[in-house]
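Residue strings, one per chain:
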Amino acid sequence: MVGGTSASGRLERRYSRLLRAYPRSYRERRGTEMVTTLLEMAEAGYSGPSRMEAAHLVLCGLRQRFRLPAGRPLAWVGALLAAVVLGAFGATAGTWLGWQTAASIPSDGGLRALNAAMTGMPAPAAVYHDSSAMKGPDGVVRADGTSGYSAERIRAALTAAGWRITSFRDWDAGMIVGLDEGLSGAVTVRTKIVNYQATKGDLKLRGDGSVVAGGADRGLAGQASYRTDVWPREPLAVRPLTVAGLIVGLFVGWLLAAAFAVRVRGGGRLRRWAATVLSGAGLAAAAVPTYQHYRDAYQVLVYAHGSPEPYIVYGPDNAAVTLICTVIGLLAIGAAVAVAAARPRRVPAALTAQ
Amino acid sequence: MQEPTFLILTALAAEPTHGYGVIRAVEELSQGDVVLRPGTLYGALDRLTEQGLVAVDREEAVDGRLRRYYRLTESGAAALTVQVQRLRRNADAAASRLRLAFGGGW
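Protein chains in written order, with my numbering: chain A, 1 to 354; chain B, 1 to 106.
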């Protein structure tokens with residue numbers, strides 16, 4: 001477009017920039033026409049591109065990006081599903097981002113060394129990597145072997161590795177190892193059970209073990225089994241970023257679906273049909289990961305912050321909440337169906353006859 | 001039908017008009033009450049075109065500028081007629097009731 005003067009050229013460029021808020025396909029169709037109208041308004045003395053006017057234009061452009069082609073119910077369904085799917089992935093991405101600010105758990109070697117020092121069993125222990133309820137890292141070291149029990153050894157090993165013990169408990173118990181010959185009762189051997197918790201900076205540790213003290217006649221004495229979990233304290237950013245990721249995902253899903261629908265609309269019948277079938281298949285395939293991501297996001301959001309367990313401990317309350325929510329949900333859906341099915345009531349004739 | 005939509009259809013009723021012409025006509029018709037912003041105008045034109053109430057009449061491209069003229073379609077004229085009847089009926093009803101309650105002047 002050729003501007004008459006440099007001032008109108010500047011104005012024209014400014015309008016063109018503002019119109020970038022609109023989708024490209026829309027700009028190609030309407031851009032020149034809209035700039036013409038805007039310039040004609042400016043020339044006629046209407047308020048120029050004031051901040052309010054500019055904001056309104058940009059807002060209209062952004063809203064255009066969310067619009068779906070009219071009379072295409074499948075596009076609506078697709079956009080809704082795409083929003084739900086990308087919302088799930090966005091929530092997981094947000095959680096992941098949140099965890100990047102957490103303290104890192106010790107290396108496998110570090111966990112094995114700590115385990116060896118605590119348990120007195122130098123053989124290499126098994127290390128697993130799990131994820132906690134809030135989808136953070138969780139290192140687990142497990143060891144089974146033979147070693148005498150020493151509370152002092154465990155305490156000293158933890159302290160030497162820089163851990164501050166917050167709870168330590170051990171007690172004697174009987175472990176059933178078989179039935180006696182007359183089948184008149186169980187054979188139990190004396191066993192020491194230990195339970196310990198500690199913290200180090202932003203790391204948490206929790207472990208338990210059992211060491212058989214009796215049972216020498218059966219060759220059981222000293223049989224020991226330990227499990228220790230190490231995981232970082234939940235960073236405060238995890239939950240807000242999970243919710244933010246969910247929201248961003250919802251928007252992006254809808255926007256992509258809207259852009260896709262506009263593009264497909266211009267194609268032939270075969271192309272539209274292929275696009276519908278393929279996106280239907282894609283969305284169907286995404287159902288399982290979407291469910292998993294939402295379940296993870298749910299756990300991230302409901303996990304009891306600061307819990308001594310890295311996992312969600314479900315109690316009877318959870319069943320009650322599920323039941324209450326199910327009943328409320330069914331009632332709401334029933335009411336919605338009833339409202340939708342109800343015929344609009346006619347205004348009584350007496351009111352209109354006057 | 002919302003007021004801006006009604007006014008846009010009214011603006012196009014007499015003759016095909018381009019974007020800025022519609023804005024000016026709407027302002028005149030509403031005696032300055034309604035000044036359409038371009039974003040609103042084109043959003044409404046998109047919707048009305050999709051509904052088949054309005055169609056592009058012709059285009060004028062001059063000096064890199066593009067004026068696109070819109071006209072009322074037959075169904076647009078029908079929709080506007082229905083709306084006019086409804087508004088007239090409601091306005092008459094309101095005026096007669098006001099006359100009953102407060103007398104004269106209406």
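No wet-lab data here; the hints were simulated from the structure. Glycine included, C-beta positions come from ideal geometry on N, C-alpha and C. Hints should not be assumed to be uniformly reliable.
[As the list claims (entries may be wrong)] Listed next, with one range per pair, are the computed distances between beta-carbon atoms: (1) B:E15 with A:V337: 44 to 54 Å; (2) B:E15 with A:P240: 26 to 36 Å; (3) A:G45 with B:V84: 25 to 35 Å; (4) B:E3 with A:G282: 53 to 63 Å; (5) B:D57 with A:P69: 20 to 30 Å; (6) A:G9 with B:V84: 16 to 26 Å; (7) B:R88 with A:A342: 26 to 36 Å; (8) B:E3 with A:R29: 20 to 30 Å.
Out of the numbered hints, which ones does the structure contradict? Numbers 2, 4, 6 - these are the hints that the structure violates, sorted from lowest upward.
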